[in-house]
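**Q** Put together the whole structure using the sequences plus the hints.
Residue numbers (the numbering used here): 98 to 563.
Hints in this document: simulated from the structure, not taken from any laboratory.
Careful: at least some of the hints might be erroneous.
Claimed, not checked - Below, simulated DSBU-like cross-link-like pairs (lysine-lysine); rule was C-alpha separation at most 30 Å, straight line:
id: 1; residue 1: LYS242; residue 2: LYS171
id: 2; residue 1: LYS166; residue 2: LYS242
id: 3; residue 1: LYS242; residue 2: LYS159
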Amino acid sequence: MLFNSYIFVLAFLPIVLLVWWSPFLSTRMRLISLVAASYTFYGWWDYRFVLLLFVSTIIDFKCGQQIHKNLIPKRRLFWLILSLISNLGILGFFKYSGFFARSMNALTDWIAGGGAIPVPEIILPAGISFYTFQTMSFSIDVYRKQARPTESFWHFAAYVSMFPQLIAGPIVRYTEIESQLRSIPEKIDHSQFSRGIYFFVVGMVQKVLFADLIAAAFEPLLENYQSLALVGSWFCMLGYSCQLYFDFAGYSNMAVGLGLMLGFSFPQNFDSPYQATNISDFWRRWHITLSNWLRDYLFIPLGGSREGHFRTLRNLVIVMFLGGLWHGANWTFVVWGLYHGSLLAIYFALRSWKQIHVPALLGQMFTFLLVLIGWVIFRSTDLSMCGNLLASMAGMHGIYGPAEHWTVIQESLPLLIALLLVVFFVPNAWKWNFRPQWQMALVLSSLLVLCVLRFSTESPFLYFQF
98 MLFNSYIFVL
108 AFLPIVLLVW
118 WSPFLSTRMR
128 LISLVAASYT
138 FYGWWDYRFV
148 LLLFVSTIID
158 FKCGQQIHKN
168 LIPKRRLFWL
178 ILSLISNLGI
188 LGFFKYSGFF
198 ARSMNALTDW
208 IAGGGAIPVP
218 EIILPAGISF
228 YTFQTMSFSI
238 DVYRKQARPT
248 ESFWHFAAYV
258 SMFPQLIAGP
268 IVRYTEIESQ
278 LRSIPEKIDH
288 SQFSRGIYFF
298 VVGMVQKVLF
308 ADLIAAAFEP
318 LLENYQSLAL
328 VGSWFCMLGY
338 SCQLYFDFAG
348 YSNMAVGLGL
358 MLGFSFPQNF
368 DSPYQATNIS
378 DFWRRWHITL
388 SNWLRDYLFI
398 PLGGSREGHF
408 RTLRNLVIVM
418 FLGGLWHGAN
428 WTFVVWGLYH
438 GSLLAIYFAL
448 RSWKQIHVPA
458 LLGQMFTFLL
468 VLIGWVIFRS
478 TDLSMCGNLL
488 ASMAGMHGIY
498 GPAEHWTVIQ
508 ESLPLLIALL
518 LVVFFVPNAW
528 KWNFRPQWQM
538 ALVLSSLLVL
548 CVLRFSTESP
558 FLYFQF
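**A** So, in structure tokens, the structure goes:
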């Protein structure tokens, strides 16, 4: 089920809110109803994966309890390892087994002239990368004695499966929502609910009116990327940079808004990333909850920045390599992760050598250019497409391209320029001074209606594939 669909906006969400805020249900029954709604939401695509989500929840619920109850270090470590192996095993099977088989076949074909490993055709469960990282963080935090597991299965099941952030984040730590689950409000906080509507509509606009509109302009050109020249390739990649940001930030804002409507506060996931003035600043602003997860559960355990300059740079590259692999089972994501790891290593190496003062606007434009090159790798279906696009952007395939490309570019250029101005200079929704007034209600209602009128075309969120 998609947030940007008739069934969600006109049926699912109103029913869930009516049941959740019903004065006739106990807190326990409200939690059970939320879990049931979340499983319905998740099973809308493929009911078979509901069982997988349930199994993952059971494993980490039991492991967390055993880690907390046991005082013997080896037993605590055993239950932690069981949790990690279970989570990574499920993720590895569904997401990476086909990639491993194809890669091994390519290697053996190159060495011996033929690959023999059968490639499994496995459907990737939606959101598996997100909820796997979420449940793993719970087990690790309990092991570190930074979190105390709940005795209520429904508390934990709601934490894992809560539909607003289940499919594409934000990645919520148990410590961030534990107290909220223990003291669920019985009555609607109208100010919080209004702010939830605000975030939901802002996110819907970002997705339906910004991301989808610009994608409709450049995607037909990108499908035939071999014919792109300099102008067309830059138009496509600038458009994709806007689409990816508004699509993902839109989902995150809708998730935050839905959480607020239910009485929960989720962490911010984007902070105007294209306004970053260096690559480190970019990763403090882009997919914040993933960046924080990688920092706390990979970078710091590897030694962080405490074990010398070289090891710090090494750790950055390793973490970004794994972050790239988290995004998808493709060599393009591996290269993208290594690319950003190298950029971060170079940045910190230069910063430790000499403080370089760059004007903010120049730093912002240069950082965006580096990120844009990364998006070429990220968007490409394979390394051949990546090389072709980069060559086109360098002018190696001509300047102007086919005449029909010019027609598309001229028609869509005002929209692209407007979106670039927004991402470069406009503060994000978290910094706007929202006040629940009738004028704002009228604006939000009008925008929501405008978005709903465009629901006739199904448009999944880009990060659903990760």
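**Q** Check the structure against each numbered hint from earlier and tell me which ones fail, lowest number first.
**A** none
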